[in-house]
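Read off the chains here:
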Amino acid sequence: MKVSKEELLHIANLAQLNLKEEEIGNYLQNLEEILNFANIVNNAPVDELDITIGANEAKNVFRKDEVKVFEDNEALLANAVSKELNMFKIPKVIQ
Amino acid sequence: MNIIDLTVNELQEKLKNKELTIKEITQAYVDRINEKEKDVEAFVTTLTDEALNKAEEIQKKIDEGEINGDLAGIPIGIKDNINTKGVKTTCSSKMLENFVSPYDATVMQKINSENMINLGKLNMDEFAMGSSTETSYFKTTKNPWDLNRVPGGSSGGSAAAVASGMVPWALGSDTGGSIRQPASFCGVVGLKPTYGLVSRYGLVAFASSLDQIGPITKDVKDAAILLNLIAGYDEKDTTSVNMEKKDYVKALTGDVKGLKIGVPKEFFGEGINEEVKNSLKEAINKYKELGAEVEEFSLNVAEYALATYYIIACAEASSNLGRFDGIRYTYRTSEFKDLKELFKKSRSEGFGDEVKRRIILGTYVLSSGYYDAYYKKAQKVRTMVMNEFNKGFEKYDVILTPTSPTVAFGIGEKSGNPLEMYLADICTVSINIAGVPGISIPCGVDSNGMPIGMQIVGNKFEEEKILNVAYTLEKEIKFREKYKPEFKK
Numbered sequence: 001m002k003v004s005k006e007e008l009l010h011i012a013n014l015a016q017l018n019l020k021e022e023e024i025g026n027y028l029q030n031l032e033e034i035l036n037f038a039n040i041v042n043n044a045p046v047d048e049l050d051i052t053i054g055a056n057e058a059k060n061v062f063r064k065d066e067v068k069v070f071e072d073n074e075a076l077l078a079n080a081v082s083k084e085l086n087m088f089k090i091p092k093v094i095q
Numbered sequence: 001m002n003i004i005d006l007t008v009n010e011l012q013e014k015l016k017n018k019e020l021t022i023k024e025i026t027q028a029y030v031d032r033i034n035e036k037e038k039d040v041e042a043f044v045t046t047l048t049d050e051a052l053n054k055a056e057e058i059q060k061k062i063d064e065g066e067i068n069g070d071l072a073g074i075p076i077g078i079k080d081n082i083n084t085k086g087v088k089t090t091c092s093s094k095m096l097e098n099f100v101s102p103y104d105a106t107v108m109q110k111i112n113s114e115n116m117i118n119l120g121k122l123n124m125d126e127f128a129m130g131s132s133t134e135t136s137y138f139k140t141t142k143n144p145w146d147l148n149r150v151p152g153g154s155s156g157g158s159a160a161a162v163a164s165g166m167v168p169w170a171l172g173s174d175t176g177g178s179i180r181q182p183a184s185f186c187g188v189v190g191l192k193p194t195y196g197l198v199s200r201y202g203l204v205a206f207a208s209s210l211d212q213i214g215p216i217t218k219d220v221k222d223a224a225i226l227l228n229l230i231a232g233y234d235e236k237d238t239t240s241v242n243m244e245k246k247d248y249v250k251a252l253t254g255d256v257k258g259l260k261i262g263v264p265k266e267f268f269g270e271g272i273n274e275e276v277k278n279s280l281k282e283a284i285n286k287y288k289e290l291g292a293e294v295e296e297f298s299l300n301v302a303e304y305a306l307a308t309y310y311i312i313a314c315a316e317a318s319s320n321l322g323r324f325d326g327i328r329y330t331y332r333t334s335e336f337k338d339l340k341e342l343f344k345k346s347r348s349e350g351f352g353d354e355v356k357r358r359i360i361l362g363t364y365v366l367s368s369g370y371y372d373a374y375y376k377k378a379q380k381v382r383t384m385v386m387n388e389f390n391k392g393f394e395k396y397d398v399i400l401t402p403t404s405p406t407v408a409f410g411i412g413e414k415s416g417n418p419l420e421m422y423l424a425d426i427c428t429v430s431i432n433i434a435g436v437p438g439i440s441i442p443c444g445v446d447s448n449g450m451p452i453g454m455q456i457v458g459n460k461f462e463e464e465k466i467l468n469v470a471y472t473l474e475k476e477i478k479f480r481e482k483y484k485p486e487f488k489k
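Chains U and S are the protein sequences, given in the same order. Just so we're aligned, residue 1 is where the first sequence starts under this note's numbering, counting upward by one. Just so we're aligned, residue 1 is where the second sequence starts under this note's numbering, counting upward by one.
Keep in mind that the hints were calculated from the coordinates and are not lab data. Please note: incorrect hints may appear among the correct ones.
When the alpha-carbon atoms are kept at most 30 angstroms apart in a straight line, the in silico DSS-like pairs for lysine-lysine are as follows [to be verified]:
(1) S:K88 with U:K83
(2) S:K345 with U:K89
(3) S:K88 with U:K5
(4) S:K376 with U:K92
(5) S:K345 with U:K59
(6) U:K20 with S:K345
(7) U:K2 with S:K88
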């Protein structure tokens, strides 16, 4: 499976990751090797089979849409690098 | 008597007979951590002072009759991807280096409600992605049997801490073998429960349809005791299964007469080390002597399952790890001009190499043009793997395989080649893909004195069977009496 540099950078961008120029060769090689190996799924006799999305029976689990308040606001915000007035602070998004 | 050599069930007995106190036990473990941690490096965070204070507090409450219970005052170690309120939960990542959890995982609530004592948070591969604990941002844990070798992974800190006597038992998590393979490498017992038996609430998600929390212990009885505590339905985990509670200790009868054991020949082929095979063959002969019916059969899933595993696990990881954005509780880059740059730089600097590789692979197989060829195909192969296991369990009570194709390998031996590292999981991943339970127990050592692990796989929610099959062999081969880690330098 050949992966181009452009394709790798496009995927990295979708995943919100930057790759350094010197890392790219390595990532490309790893990705190709792993995809070549993973390609064996295409030899499996599975055309007639349905997909499985979870380990057990796939069923919806419903519950009432009730608000449960998490009391410890301070602990929640304690891990944020930047906050203000009990809120997470981010760079300006509207110009 | 050396306290740190005792199993938890032996500690419980001695507490009951007043031969030991909670303080003595905790002190013995704290002393052992102070002695061995510098060589083994199993912990990300030690809680030794807190543990001694807690021991004092619990002893007082017991003396005053305020609490009782078999597990009160028993110490434990916790893998660092299980949220512990007020204590750092780092997933061995720079991304969560300073993250202090505001809440407890459901398994921690259970542990705390029994008044157990947390000795610390244990090292792991970053976000549980690895098979050697070498991808930890903080340190590489060493194998207590030979400090030049890896302890396995991703729960390498948990297995090494139990093997070296720094904790009497520990919790790990297993997505593709992360409890069983390190247990095998370190000569201890590791159980991955059926998917849905133990709540995943508060376990930092890697691949949600495969992750399970489970015990790593010195013996099988301890694994049953700890499973008794952590198993059970939890409304906070919608994939946890609501079923009647079982007593897994009661299942340990030591009798396997008439039990049908299937041995899949594909798990004993090329690529499996000869010494591993021979050790397993001896174990199989023991089972025959004990009256079990052993039969070879074909379970041709291992390679398909491994490819499927890396597609599905990485796809789920790429989605799960989207939450680490540099805003709310993670590492944040120091310089950025806008929100997009904040996200990208924080993630690129906060995640290690292997984590980024898997996110990229996961994003790739989910991206348009490749979704059908990889992800959808893998989901179909998952159905096939499940069907094959179902067929196996129509004929056999349990299935027996090696836990790992080799004993513990050297530090640095595979870290440069991701695909080679992935192949180390060939014996364990199909069990997660099928969602069935598996236990690894030590069954011997190789010519270098390194432990060899045997995996016993059961049908869904048949932990009782695999625990009893494991228990029966353990009693026969007496591994713990014969072999001990030597901390070889």
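Okay, the hints, checked on the actual structure:
1. S:K88 with U:K83: Given that 30 angstroms is the threshold and the Cα spacing comes to 20 angstroms, the pair holds.
2. S:K345 with U:K89: Since the Cα atoms of K345 of chain S and K89 of chain U sit roughly 17 angstroms apart, the hinted pair holds (cutoff 30 angstroms).
3. S:K88 with U:K5: 38 angstroms, violated
4. S:K376 with U:K92: Given that 30 angstroms is the threshold and the Cα spacing comes to 39 angstroms, the pair is violated.
5. S:K345 with U:K59: 38 angstroms, violated
6. U:K20 with S:K345: Roughly 11 angstroms separates the two Cα atoms, so the pair holds.
7. U:K2 with S:K88: 42 angstroms, violated
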